[in-house]
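> For the record, the sequence lines run as chains L and X. Sequential numbering from 1 applies to the first sequence in my numbering. Sequential numbering from 1001 applies to the second sequence in my numbering.
Treat the hints loosely; a few may be bogus.
Using 27 Å as the maximum straight-line C-alpha spacing, the simulated DSSO-like pairs for lysine-lysine come out as follows [unchecked claim]: (1) X:1230 - X:1202; (2) L:312 - X:1243; (3) L:412 - X:1109; (4) X:1243 - X:1213; (5) L:129 - L:117; (6) L:117 - X:1202; (7) L:142 - L:117; (8) L:129 - L:145; (9) L:388 - X:1158; (10) X:1243 - X:1230; (11) L:172 - L:158; (12) L:158 - X:1388; (13) L:319 - X:1312; (14) X:1388 - L:109.
Over the 10 Å line for every Cβ pair with chain X, so calculated as not near, a few chain L residues [what the hints assert, rightly or not]: (15) 25; (16) 106; (17) 117; (18) 145; (19) 174; (20) 203; (21) 209; (22) 224; (23) 239; (24) 243; (25) 323; (26) 346; (27) 375.
Just the calculated beta-carbon pair ranges, DEER-fashion [said to hold, decoys possible]: (28) L:1 - X:1089: 36 to 44 Å; (29) L:375 - X:1214: 39 to 47 Å; (30) L:106 - X:1003: 38 to 46 Å.
Since the hints were derived computationally from the structure, they do not count as laboratory data. Only a predicted model underlies this, so the values are computations on that prediction, with no experimental measurement involved. We treat Cβ as the ideally placed atom computed from N, Cα and C, and that holds for glycine.
Protein chains: 2
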Amino acid sequence: MHTCELISVGTELLLGDILNTNAQYLSREMASLGIGLLHQSTVGDNPGRLSSEIRSSLSRCDIIITTGGLGPTPDDITKETVCEALGFRLCRDSAILADIESHFTRRGKVMPAENAKQADIPEGAAVFKNSCGTAPGAALEKDGKCVIILPGPPREMKMMFNESVRPFLISKYSDGVIISRNVRTFGIGESDMAHRVSDLLKSVNPSVAPYAKDGEAFLRVTASAESRAKAEALLLPVIADIKSRLSDFIYGIDYESLQEAVVKLLSEKGLRAAFAESCTAGYISKRITEVPGSSSVFECGAVTYSNAMKTKMLNVSPKTLERFGSVSEQTAVEMARGVMEISGADIGVSVTGVAGPGDDGEFPEGLSFIGICGAQGSFAERFETGRKNAREYNRYVTASKALDMLRRFIIKNY
Amino acid sequence: MHTCELISVGTELLLGDILNTNAQYLSREMASLGIGLLHQSTVGDNPGRLSSEIRSSLSRCDIIITTGGLGPTPDDITKETVCEALGFRLCRDSAILADIESHFTRRGKVMPAENAKQADIPEGAAVFKNSCGTAPGAALEKDGKCVIILPGPPREMKMMFNESVRPFLISKYSDGVIISRNVRTFGIGESDMAHRVSDLLKSVNPSVAPYAKDGEAFLRVTASAESRAKAEALLLPVIADIKSRLSDFIYGIDYESLQEAVVKLLSEKGLRAAFAESCTAGYISKRITEVPGSSSVFECGAVTYSNAMKTKMLNVSPKTLERFGSVSEQTAVEMARGVMEISGADIGVSVTGVAGPGDDGEFPEGLSFIGICGAQGSFAERFETGRKNAREYNRYVTASKALDMLRRFIIKNY
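Okay, chain L solo, but in the shape it has when bound:
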């Protein structure tokens, strides 16, 4: 199996001005090509540090991919440094110079003199055209090692990778396939989940790794084999085993999110849902409608903070609000019924609670009541995130809980 390391070049990354999305993108691509990514690093626009990084990476792996430092300014030093480290000579390529000049003339501009250096190509390297920028990329191969230099702007880097680098890697360095499946759960903690599959965590191929994100726990199951079919065959029994152990905590495999699972379920059953939100304040509607095609299952959303609005928009009875308070099981149920009735949706879902920061005197931050109403009747559940000073987290996880309750309600009743 070929091994790879990423080197991101740019002082702006070390200052935190820029989020390094290139590293995630290239990491995913390497995994899908069956190339083992062992290490990522970021260095500034500093020839000394970059060349020592290149040397230590070369000692560990056979493919290096660098991003950034191919611009026209004097502090762009990646190409020069890589050439020096590998002993390649730079020479100007007139065809590429013409490309760069036309990039400017097409925009009615004259090419600044600085950009000419972007047409200097490592002699004997494979060159990758830049179809939406001026800096070409290249692959420098020597002694069975390969250093691929790519531009830093994500748009240019991704386009170049898709058009030129992926085909190059497949033809030369991709042996076998690595496939990962992501088992996504809600309602079970990472350690509890890991406990239920602790023996599987020791297996090697497929490997099973737990991780947690935004109040959800995941298991990543990864298999490598010489063919996709063989890798899939390795995954199958392990996934089945995991399903039997985590049962209905699993909302999907390789899903992007809970809302994707819910939208899929709603459309399968031909149902439309409506949402009434207090503390989550539109978060559920926003997340449901992140899913393309959600318009066929999303009826409407009502964001009602004040009691007045709960009565005006959702017909929650003032008596209920007075007697039980706005944060109560009864209010949650009436909100869910209200939004279902005014919208004519099949199912109404409601949330009323305390997002924080700080409790509301009566209830702790992170507590909410989540209501569901359908033709079968209505109910509400009390839910606590258990987090303090975590308004965004509390809102997100409370919205997730509501989505998961809706998911379970559909599975149970339709």
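Please build the complex by placing chain X on the supplied structure of chain L, with the hints as guidance.
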């Protein structure tokens, strides 16, 4: 000047499952503390690779910060590996064990046996409490070097950094003060903004750096001096100069977001706003209510996808929908008026458009009409993000445009 390197630990980062936002956050913090960040690296859950990474980092800098690998599962190996590399012994801390147990009991759960290892503390290290998770952090100091281990989940890491790590670093490793001010704009492109301040970009102390994020352009102004007062004095004239050049494109300085600026304006003027959203589908309500205290200025939100709902919830006339279509200036105006009238808010804001992916046959993806209605009357603006296949981006930037229009409407009329 002290130097620092970051080591992110986690195979999920090498597989591209997770975007490394911790690295950006910590890089910014180091810059603001005047600690020179030289290098970032990411390694998998692999003791051998992690310890060699630690060794080479220690040979280059005097502070290492690791994130990740402090979880309860067997593949969480950061603490053990760092202790071995630096020669620290782990011993169980009963007080921290009690904290972890109560973290579960507060949620009506029993602590899984796996979590006990999170109470193992490097003997003689400074320990950082985790106020929103179970894994404590620590600072291991030896021979003038310091290794700080932090949990991987961004929420836990950031809270721990704010509560414990920043004060620790200031007291021990921060010489002099570096202050940054963030000038935030909306409605002007990064290069246009940079052009207007091009001469300032060359200055050294304060330095002025442009950057762009999520459809907004920022200027980071950074001054370093031996005291906070002196650094502030250096910043003052430059900020004033920038203000005069970018004028009302600036929505705030050191604000977190447009919604923070809007909520501040609304509360200053004692106004309440209501929102009617189609393509942004709750995103504006969600963002406004991210701001603590927004309940005093946020009246309600209505998320209406279908024409039926626009009429039912917002009294948009069926004639208007039929004649001009749901994505039109006229519909936007009636949505804004409708949500203002039903809610009794001072100002109504509406969005109707095409989030994508793909155009809707008539209008391109990313086009929307944004309506504003107040006692002074109503109007709508046509807005285009100009991006294809960028549903999330289009929704976010369209919501930002609506917030900016509301900001300008308040400044002009109240």
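> Now tell me if each hint is right for this structure.
Here's how the hints hold up against the structure:
For the suggested pair residue 1230 of chain X and residue 1202 of chain X, the alpha carbons sit about 21 Å apart, so the restraint of at most 27 Å is met. Note on residue 312 of chain L and residue 1243 of chain X: the hinted pairing is violated, with a Cα-Cα distance of about 44 Å set against a maximum of 27 Å. Proximity of residue 412 of chain L to residue 1109 of chain X is assessed by CA-CA distance (about 26 Å); at most 27 Å being required, the pair is judged to hold. For the hint linking residue 1243 of chain X to residue 1213 of chain X, the alpha-carbon distance of about 20 Å falls within 27 Å, and the restraint holds.
Distance hint between residue 129 of chain L and residue 117 of chain L is fulfilled; the C-alpha atoms sit about 15 Å from each other, no more than 27 Å. A hinted pair counts as satisfied when its Cα atoms are at most 27 Å apart, and residue 117 of chain L with residue 1202 of chain X qualifies at roughly 23 Å. For a cut-off of 27 Å, the pair hint linking residue 142 of chain L to residue 117 of chain L stands: about 23 Å separates their Cα positions. Taking the CA atoms of residue 129 of chain L and residue 145 of chain L, the gap is about 22 Å. The hint holds against a cut of 27 Å.
Between residue 388 of chain L and residue 1158 of chain X the alpha-carbon distance is near 14 Å, which keeps this suggested pair within the 27 Å criterion. With a CA separation close to 21 Å, the supplied pair residue 1243 of chain X and residue 1230 of chain X stays within the 27 Å bound. Between residue 172 of chain L and residue 158 of chain L the alpha-carbon distance is near 19 Å, which keeps this suggested pair within the 27 Å criterion. Between the alpha carbons of residue 158 of chain L and residue 1388 of chain X the distance comes to roughly 16 Å, so the proposed pair stays at or under 27 Å and holds.
Proposed proximity of residue 319 of chain L and residue 1312 of chain X is supported: the alpha carbons are some 25 Å apart, at most 27 Å. Under the criterion of a C-alpha separation no larger than 27 Å, the hint pairing residue 1388 of chain X with residue 109 of chain L is consistent with the structure, at around 26 Å. The Cβ of residue 25 of chain L does not lie farther than 10 Å from every Cβ of chain X; its closest approach is about 7 Å, which violates its non-interface assignment. Non-interface status of residue 106 of chain L relative to chain X is upheld: no Cβ of that chain comes within 10 Å, the nearest being about 17 Å off.
With a minimum CB-CB distance of about 21 Å to chain X, residue 117 of chain L clears the 10 Å threshold, and the non-interface call stands. No Cβ of chain X approaches the Cβ of residue 145 of chain L within 10 Å, the least distance being about 19 Å, so the stated non-interface status holds. Look at residue 174 of chain L: its CB is around 16 Å from the nearest CB on chain X, clear of 10 Å, so calling it non-interface holds up. Every beta carbon of chain X lies more than 10 Å from that of residue 203 of chain L, the smallest distance being close to 12 Å; the non-interface claim holds.
With a least beta-carbon separation of about 6 Å from chain X, residue 209 of chain L fails to lie farther than 10 Å from that chain, contradicting its non-interface assignment. For residue 224 of chain L, the non-interface assignment is confirmed: its Cβ lies about 12 Å from the closest Cβ of chain X, beyond the 10 Å cut-off. Chain X leaves residue 239 of chain L outside its interface by the beta-carbon criterion, the shortest separation being 17 Å against a cut-off of 10 Å. Its beta-carbon lying about 20 Å from the closest one in chain X, residue 243 of chain L satisfies the requirement of being farther than 10 Å from that chain.
For residue 323 of chain L, the condition that its CB be more than 10 Å from all CB atoms of chain X holds, with the nearest at approximately 22 Å. In this structure residue 346 of chain L is separated from chain X by more than 10 Å, as the shortest Cβ-Cβ distance comes to about 14 Å. Listed as a non-interface residue, residue 375 of chain L keeps its Cβ farther than 10 Å from every Cβ of chain X; the least gap is roughly 20 Å. Hint check: residue 1 of chain L to residue 1089 of chain X, Cβ distance near 37 Å, so the stated range 36 to 44 Å holds.
Under the hint 39 to 47 Å, the C-beta atoms of residue 375 of chain L and residue 1214 of chain X, about 41 Å apart, fit the expected range. Between residue 106 of chain L and residue 1003 of chain X the CB atoms are about 44 Å apart, so this pair conforms to the stated range of 38 to 46 Å.
Checked against the numbered hints given earlier, this structure breaks hints 2, 15 and 21; the rest are met.
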